[in-house]
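There are 2 protein chains.
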Amino acid sequence: MKLYNWNVAPNPRRVRMFAHEKGIELDVVDVGEPGQPRLADNYLDANPHRIVPSLELDDGTVIGEVPVICRYLEAIHPAPPLFGRTPIEQAEIGMWERKCELEGMAPCAEILRNKVKAFDGRALPGYAIPIERIEALADRGKLRLGVFYEKLDARLSDAEYIGGDAFSVADITGFVTVEMATQGRNGIPEACSNVSRWHAAIAARESAKA
Amino acid sequence: MKLYNWNVAPNPRRVRMFAHEKGIELDVVDVGEPGQPRLADNYLDANPHRIVPSLELDDGTVIGEVPVICRYLEAIHPAPPLFGRTPIEQAEIGMWERKCELEGMAPCAEILRNKVKAFDGRALPGYAIPIERIEALADRGKLRLGVFYEKLDARLSDAEYIGGDAFSVADITGFVTVEMATQGRNGIPEACSNVSRWHAAIAARESAKA
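Chains W and D supply the protein sequences, listed in that same order. The first sequence begins at 29 in my numbering and counts up one residue at a time. The second sequence begins at 29 in my numbering and counts up one residue at a time.
If we strip away everything but chain W, and leave its shape as in the complex, we get:
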């Protein structure tokens, strides 16, 4: 299986980390344009969704969307279970994984792409037409990220991991979100000591380097 990857982007990292936790070796193909903050034209022309990552199976099927790629890997390689075992565990993990993505990572992307001039006309990935930056959206993203940190801290005061008592895909999405936020100078607020404790534990895993 080929993973179309871009090393500087957070979303491919989620898949690399997930595969590492599973012990799955992927054939990683870098499709960033060297030295430029954008994907290479030949990848964009070949992939109708114009985003990374995507996973190409041996029969040529191309799967997009991080949680979908990860679920596929879970289906063909169930151990260790990273989406939970029972329906209730799966729901708990699934809910928190989405909270991290939509309430944490999405705001980080809003901040980055609507603030930084290098993203002029490319304020959203995946579009062939120009999407202009909206500075007010970067500010909104910052506000949302603050709310997310508080929510995550409250969750991690009750649970060791984001999804409950075991490491799961929710921790991967949460970890990559905090890494992205930190890179954008919105690191973990001092008051969020539960997030700091959890972040240190995840950062110490081998997969964090994947």
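Calculated from the structure, these hints are not laboratory results. A few of these clues could be false.
Note that identical chains are pooled: a pair holds if it fits in a single copy or bridges any two copies.
[As the list claims (entries may be wrong)] Straight-line alpha carbon distances no greater than 16 Å define the calculated EDC-like cross-link-like pairs of lysine to aspartate or glutamate that follow:
| no. | residue 1 | residue 2 |
| --- | --- | --- |
| 1 | 170 | 160 |
| 2 | 179 | 73 |
| 3 | 143 | 86 |
| 4 | 145 | 84 |
| 5 | 50 | 234 |
Here the structure of chain W is known, so what remains is to put chain D in place on it, guided by the hints.
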């Protein structure tokens, strides 16, 4: 199981439609503030995520996030399979379900909540702090919705249903998206005849009235 519902909102409709297709009877509890475009305070105070829908299980566990609620229902009531049978089918359906949600429904919400004055200070659901409307985001949403219609039309020129040859959860998300867009006067463009054909087929299902 109790479904906390708000009849005017699109997201609870996705769950109602999914449950109807499965033949699952949910105890539907309406939590909208009567006559107001907002949720009732007692629901907001009790639900830390401050959004609908949520599903309360008989043991008191509360599950949030539409795709997570639907997956839980699929796990406890597998027939008919609405998330696909094989890992590849599941991936295809999962990918398109997310495309509908993030590239179709999210823009509809951007248009509605950033344009309509009734949403002053509530441009995003789920936040206890004021989130101001950004008019430029409504315009961006409209642009994105146009791209989504084209993408969906291309997909439905190759496939009978959004996820492939069988009706699935992707059709539910796609259908509710098109209904929401139409309500916001962004109905199916004339050129998108495949979307029109598919929409008529889904609208004719009993579950479309759920």
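Results of checking the hints against the structure:
1. 170 <-> 160: Classified as between; 13 Å across copies, 19 Å inside a copy.
2. 179 <-> 73: between (39 Å within a copy, 15 Å between copies)
3. 143 <-> 86: neither (39 Å within a copy, 46 Å between copies)
4. 145 <-> 84: Answer is neither: 33 Å inside a copy and 45 Å across each miss the 16 Å cutoff.
5. 50 <-> 234: Within. Shortest intra-copy distance 12 Å satisfies the 16 Å Cα cut-off; inter-copy 42 Å does not.
When each numbered hint is compared with the structure, violations occur for hints 3, 4.
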